[in-house]
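Visitor: If you read the sequences in order, they're chains F, H and B. First residue of the first sequence: 0, per numbering that gives the first Met the number 0; consecutive thereafter. First residue of the second sequence: 0, per numbering that gives the first Met the number 0; consecutive thereafter. First residue of the third sequence: 0, per numbering that gives the first Met the number 0; consecutive thereafter.
The hints are simulated quantities; they were obtained by calculation from the structure and are not laboratory data. Since we're looking at a predicted model, the values are computed, not measured. Using N, Cα and C, we set each Cβ at its ideal position, and we do this for glycine too. Careful, some of the hints might be misleading.
Claimed, not checked - Restricting the straight-line Cα-Cα distance to at most 30 Å, the calculated cross-link-like pairs of lysine-lysine (DSS-like) are: (1) H:235 x F:8; (2) F:147 x H:151; (3) F:8 x B:216; (4) H:151 x F:243; (5) H:150 x F:147; (6) H:150 x F:168; (7) B:368 x F:8; (8) B:292 x B:216; (9) B:280 x B:292; (10) F:8 x H:130; (11) F:147 x B:368; (12) B:280 x B:294; (13) F:168 x H:235; (14) H:130 x H:150; (15) H:248 x B:292; (16) F:147 x B:259; (17) B:368 x B:259; (18) H:130 x F:243; (19) F:168 x H:248; (20) H:130 x H:235.
What the hints assert, rightly or not - Covered, in the sense of this in silico footprint (three residues per stretch, anywhere, with C-beta under 8 Å from a C-beta of chain F), are these stretches of chain H: (21) 65-74; (22) 203-217; (23) 228-241.
In case you want the letters, here they are:
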Amino acid sequence: MSAQSDAYKAHFRVWRGDADGGGLEDFRVEVNDGEVVLDIIHRLQATQVPDLAVRWNCKAGKCGSCSAEINGRPRLMCMTRMSVFERDETVTVTPMRTFPVVRDLVTDVSFNYAKAREIPSFVPPPGLAPGEYRMQQEDVGRSQEFRKCIECFLCQDTCHVVRDHEENKTAFAGPRFLMRIAELDMHPLDAAPDTGLDRKRTAQENHGLGHCNITKCCTEVCPEHIRITDNALIPLKERSVDRKYDPLVWLGSKIRRRNRTD
Amino acid sequence: MATGTEPQPHTDARGANGASGPYSTGVHAPSRAAIPARHLRTDRWWLYPATTAAGLFAFVVYSTWRAFANADYYAAPYVSPFYSPCLAENCHPMRGGPNWEIFGGWWGLSPALLILIFPLGFRLTCYYYRKAYYRGFWSSPPACAVAEPHKKYTGETRFPLILQNIHRYFFYFAVVVAGILTYDTALTFRDADYEWGHMGLGTVVFVVNIALIWAYTISCHSCRHIIGGRLRHFSKHPVRYRLWGWVGKLNARHAALAWASLISVAAADFYVFLLATGVFDDPRFF
Amino acid sequence: MTQLDRQEWDVVVVGAGGAGLRAAIEAREQGMRTAVICKSLFGKAHTVMAEGGIAASMGNVNEGDNWQVHFRDTMRGGKFLNHWRMAELHAREAPQRVWELETWGALFDRTPDGRISQRNFGGHEYPRLAHVGDRTGLELIRTLQQKIVSLQQEDERELGAYDARLKVFQECTVTRVLKDENRVAGAFCYERESGRFFVLQAPSVVLATGGIGKSFKVTSNSWEYTGDGHALALLAGAPLINMEFVQFHPTGMVWPPSVKGILVTESVRGDGGVLRNSDGKRFMFDYIPDVFKEKYAQSEAEGDRWYEDPDHNRRPPELLPRDEVARAINAEVKAGRGSPHGGVFLDVSTRMPAEVIRRRLPSMHHQFKELADVDITAEAMEVGPTCHYVMGGVEVDPDTAAATGVPGLFAAGEVAGGMHGSNRLGGNSLSDLLVFGRRAGLYAAEYARSRTVRPTADPLQLDAAEAEALRPFSAEGPDAQHAGRPAENPYTLHQELQQSMNDLVGIIRRQGEMEEALERLADLRVRARRAGVEGHRQYNPGWHLAIDLRNMLLVSECVARAALERRESRGGHTRDDYPEMDRRWRRINLVCELADGGPDSPPQDPATGQIRLTRRETPPIRPDLLELFERDELAKYLAEEELAAEAAPSGPGAPAAGTTDDEETSR
């Protein structure tokens with residue numbers, strides 16, 4: 000099981016360049032047993048191109064820094080094992096193609112931080128001091144799934160709404176941040192409704208939920224296997240239907256003055 | 000200062016050197032990594048949209064023919080699910096069957112058209128089928144990280160696609176239709192002379208079909224929302240929470256159930272067609 | 000250099016992990032304009048890797064828990080070398096810090112009555128760790144990140160700009176803490192994306208840069224952990240303490256090679272995982288040290304009963320403090336009873352149903368499946384020790400987190416020393432970040448407010464900092480000081496440094512090896528001056544590494560020197576040649592300072608910087624805290640004269656011990 004015995008030379012094509020242009024460059028690089036794509040990129044850095052720019056951090060699929068596109072598919076480089084490729088297969092690595100490129104494999108992901116700021120934050124319930132929060136496990140389960148998100152922004156990268164249509168970037172928050180709205184709307188103690196903020200309504204009116212055509216690429220690429228579409232986006236769409244397109248629910252809420260703590 | 004979390008204005012550095020045409024705003028927008036290919040996928044990504052489109056197309060062709068045929072949809076005790084309930088005077092007489100002449104005699108077209116609108120609407124607005132046909136027919140997108148061939152995209156923000164939001168009404172109707180089809184299935188426990196307590200191969204076909212129809216209907220995302228998804232505190236509604244859990248398990252298989260029930264409903268109709276045209280005799284068990 | 004961008008802030012926080020963000024939130028809430036600067040993207044800090052939980056004696060699961068018990072556990076874990084006041088503040092304030100997170104939107108796992116669930120962990124007497132599955136660190140970071148966003152939204156509503164009072168400078172690195180006379184004046188930084196330099200001028204700088212693990216080959220730490228804060232403090236004239244204590248986490252992955260060192264959370268053991276050697280034996284029962292004999296199960300049967308009935312059984316020895324477990328694994332592997340890839344087996348698959356494993360340890364299941372192709376619900380994991388945490392760090396005032404000797408400099412989190420003594424308990428790290436992050440932010444804000452004159456860094460300092468940072472680009476050029484000699488590859492130097500530290504100053508230490516390590520470090524330091532890089536300044540990782548090498552070399556020298564000096568084994572410091580703990584050493588902190596530069600005169604050429612090591616007597620533990628322990632137990636740790644003093648209590652604030660100058664020069 001020695002690493003050396005299994006070593007081979009792989010053919011890599013890596014995009015190099017910056018905002019002014021660039022292209023795919025070919026490399027032959029050693030691969031050892033058990034390695035992932037990020038290891039190979041690091042070997043390139045250490046042996047052939049010391050200034051190859053790549054963003055990475057934990058190398059264990061927990062921080063979501065090393066997002067890129069490998070053979071055209073949005074993936075984390077640290078979680079893509081070399082063993083999934085044939086030995087004679089060319090492995091093509093490019094930066095994420097939805098965000099402006101900075102250099103080589105590094106992109107400017109500030110779009111996501113700007114969107115994060117547009118989502119109204121958690122509103123703590125008035126009258127509850129720290130330590131007095133009581134929540135049941137089954138009530139926090141849904142939001143906890145969404146909080147597994149490591150913000151790798153692969154879902155934002157793959158979503159055709161902004162990937163293929165730059166102009167939608169202003170109107171559309173993207174799957175990660177629509178999921179954040181769902182997380183807050185399902186939070187058992189979020190007091191936003193008391194402040195007049197209806198997340199169900201604003202999801203569609205301010206954050207572009209309607210742009211989503213639920214083609215599920217976000218779910219496909221999620222390295223945390225969060226069921227973004229089924230558990231966050233569609234439920235959020237249904238919640239916004241409650242508000243905007245369902246006269247029965249609307250009427251019911253007018254008549255019964257529904258207690259919002261149900 | 001470019002160091003904040005604020006997006007920077009990106010100068011159009013490559014300017015006129017390149018891209019125009021349908022992709023000039025997408026992955027070929029000036030600020031993005033300069034890669035001529037519209038995608039770099041090496042797997043058979045086209046397989047899914049191609050098979051989806053082919054499958055849906057086949058069903059549309061078959062069902063259109065059968066719906067407009069206005070013939071060969073009843074072979075006692077079986078009524079084709081495409082023609083149930085039958086709501087016009089021109090229906091084939093079905094003893095004890097789902098023919099209620101609500102529309103009277105003025106309806107001259109196939110009675111299937113009166114009723115098919117509901118299951119059709121249910122499936123057309125279904126969250127799974129939307130994915131399937133947006134990808135398969137619309138190429139929006141054809142596959143993940145494969146650029147779509149459209150210049151503009153507004154999704155479901157405006158007419159007509161904003162109407163997808165009425166899915167839950169079709170769900171309510173779909174429950175009624177499924178109820179009637181359940182009634183039809185009960186009627187299949189008769190023989191050709193309407194005597195109860197008999198079974199044939201057709202009974203099995205109908206039972207399988209109705210089971211799949213129910214499973215597909217109940218696994219619907221709107222159903223999941225209505226059953227419990229809309230609640231904020233599951234802990235205060237233990238029964239609905241449990242139901243929501245079950246629906247959720249089915250919901251994870253919604254796509255598979257959508258296809259299975261689509262095939263089974265066509266199969267049930269085709270079975271009746273075979274009997275009605277006399278090509279085939281229903282094997283009776285007892 | 001005249002076009003250098005200068006900005007004015009009140010408080011600059013270096014690092015955006017748990018401590019940094021908590022400090023920034025506090026400083027901003029105190030009304031100070033606060034800048035946070037971090038090497039990675041906002042929200043990617045190494046804190047996300049923390050898995051187990053946040054230790055806080057809320058008593059939600061076992062009502063017997065309170066801050067005194069937590070204090071006791073912390074002191075025991077640190078072998079009484081902890082600064083008692085830090086341990087006290089930490090134990091007292093941790094619950095409040097955790098509860099506060101809930102008001103910012105955190106969603107911890109719950110108890111049946113709806114409170115925050117708490118789990119068992121090594122060295123903690125009661126279930127104490129608030130957690131979210133095994134991704135607690137991620138929850139902590141995300142919550143703090145979202146709290147910062149919510150403060151920015153407030154500012155946007157009030158002042159029209161999100162970063163009017165709280166700004167995050169992401170993907171930037173600080174290379175120097177700037178000074179005005181002896182006081183802090185700000186930070187000299189570069190932006191990784193563009194390579195441009197800029198200066199943040201501020202009266203207060205909070206260091207929250209984390210640890211030093213990247214100086215070791217096998218480590219659970221990310222690339223950011225290059226000891227930046229430690230080095231910045233040294234260069235600014237502040238001393239470090241306890242640098243010899245480096246925690247090796249007992250369970251890191253050992254295979255495949257590329258992920259060697261990545262952590263396997265301790266909760267695997269807290270929830271029932273057991274360690275076995277290649278003979279299938281649960282070997283930990285053979286390694287219970289005398290000081291812990293009464294507290295741990297002596298048979299497998301008793302250990303197994305404890306998971307169900309902790310009140311009437313003693314805990315299994317797999318849950319001994321980390322240093323003990325790491326040493327035991329090391330010994331088993333050395334004795335030839337290791338697993339195929341040089342670790343031991345950690346098994347949950349035979350002890351819990353697959354369903355439970357997937358629910359309680361989701362990220363571990365995921366991590367092994369994706370990285371090693373091992374299904375932990377069906378087979379055992381292979382694990383071995385990995386460099387995880389440095390207990391040593393900037394010497395700080397326990398209450399204010401102010402660094403010694405440099406007014407305006409504060410430190411919190413892993414970069415601060417003293418809190419954990421010689422060994423940190425699992426779960427005490429996240430609570431440390433919150434408790435002392437808040438204190439650092441609070442006192443940094445107070446200090447900034449109290450300064451009437453804004454500090455300015457003189458231009459000479461800025462020129463020197465810029466020249467220092469740019470040196471790697473000229474290493475090969477005709478103007479290089481060593482013209483004609485080839486430039487060194489920074490990656491090669493880094494690998495050699497990691498190998499040396501791993502082999503020679505690793506988990507088991509010997510005098511001769513550490514002396515050799517110091518020689519190699521001296522050699523590396525000379526070569527590092529010639530580290531050259533290709534390309535330009537825009538996002539150039541080779542350049543960044545060349546700059547970070549300075550910090551790693553400084554910090555590594557501290558570790559090696561202090562480890563050579565301490566002639567005993569205690570916590571995260573194990574000497575082959577002095578295998579026993581020596582009570583006389585309990586009273587001694589080893590202090591590292593920059594040798595050729597006092598706080599008043601920054602050294603001319605810090606890359607050749609040498610470390611001066613001195614001894615300092617630890618402050619006596621307050622009598623009422625000592626009374627929390629049985630006298631028998633104290634006798635195992637405390638020196639005779641301390642015990643005598645305890646018998647006849649003297650007031651707190653006993654005279655500070657004189658320092659013995661024990662200067663060593665570098666080779």
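Visitor: Taking the hints in turn, state whether each one holds.
Guide: Now the hints, each set against the structure:
1. A distance of roughly 60 Å separates the Cα atoms of residue 235 of chain H and residue 8 of chain F; the hinted pair therefore is violated under the 30 Å criterion.
2. Annotation: proposed proximity of residue 147 of chain F to residue 151 of chain H is violated, straight-line Cα distance about 33 Å (limit 30 Å).
3. Between residue 8 of chain F and residue 216 of chain B, the direct Cα distance comes to roughly 25 Å. Compliance with the 30 Å bound is thereby established for this hinted pair.
4. Restraint check: the Cα-Cα separation between residue 151 of chain H and residue 243 of chain F comes to about 25 Å, which is no more than 30 Å; the hinted pair holds.
5. Restraint check for residue 150 of chain H and residue 147 of chain F: the C-alpha separation of about 35 Å exceeds 30 Å, so the hint is violated.
6. With a CA separation close to 15 Å, the supplied pair residue 150 of chain H and residue 168 of chain F stays within the 30 Å bound.
7. Taking the CA atoms of residue 368 of chain B and residue 8 of chain F, the gap is near 25 Å; set against the 30 Å cutoff, the hint holds.
8. Straight-line distance between C-alpha atoms of residue 292 of chain B and residue 216 of chain B comes to about 34 Å, which puts the hinted pair past the 30 Å bound.
9. Restraint check for residue 280 of chain B and residue 292 of chain B: satisfied, since their Cα atoms lie roughly 20 Å apart, inside the 30 Å limit.
10. Restraint check for residue 8 of chain F and residue 130 of chain H: not satisfied, since their Cα atoms lie roughly 40 Å apart, outside the 30 Å limit.
11. Taken as a hint, the residue 147 of chain F and residue 368 of chain B pair is honoured in the structure, with Cα atoms around 17 Å apart against an allowance of 30 Å.
12. Pair hint residue 280 of chain B plus residue 294 of chain B holds up; C-alpha atoms about 21 Å apart against a cutoff of 30 Å.
13. Proposed proximity of residue 168 of chain F and residue 235 of chain H is contradicted: the alpha carbons are some 39 Å apart, above 30 Å.
14. Of the pairs offered as hints, the one joining residue 130 of chain H and residue 150 of chain H holds, with about 20 Å between alpha carbons and a cut-off of 30 Å not exceeded.
15. Between residue 248 of chain H and residue 292 of chain B the alpha-carbon distance is near 49 Å, which puts this suggested pair outside the 30 Å criterion.
16. Simply put, residue 147 of chain F and residue 259 of chain B have alpha-carbon atoms about 24 Å apart, close enough for the 30 Å limit, and the pair holds.
17. For the suggested pair residue 368 of chain B and residue 259 of chain B, the alpha carbons sit about 15 Å apart, so the restraint of at most 30 Å is met.
18. Distance check on the hinted pair: residue 130 of chain H and residue 243 of chain F sit about 22 Å apart at the alpha-carbon level, within 30 Å; holds.
19. Of the supplied pair hints, the one linking residue 168 of chain F and residue 248 of chain H is violated, its CA atoms being roughly 34 Å apart against a limit of 30 Å.
20. For the given pair, residue 130 of chain H sits about 34 Å from residue 235 of chain H by alpha-carbon distance, which is inconsistent with the 30 Å threshold.
21. Coverage of the segment 65-74 of chain H by chain F is violated in this model, with 0 residues showing a Cβ closer than 8 Å to a Cβ of that chain against a need of three.
22. Counting residues of the segment 203-217 of chain H whose beta carbon lies closer than 8 Å to any beta carbon of chain F gives 0, which falls below the threshold of three, so the coverage claim is violated.
23. With 10 residues carrying a beta carbon less than 8 Å from a beta carbon of chain F, the segment 228-241 of chain H meets the three-residue requirement, and the given coverage holds.
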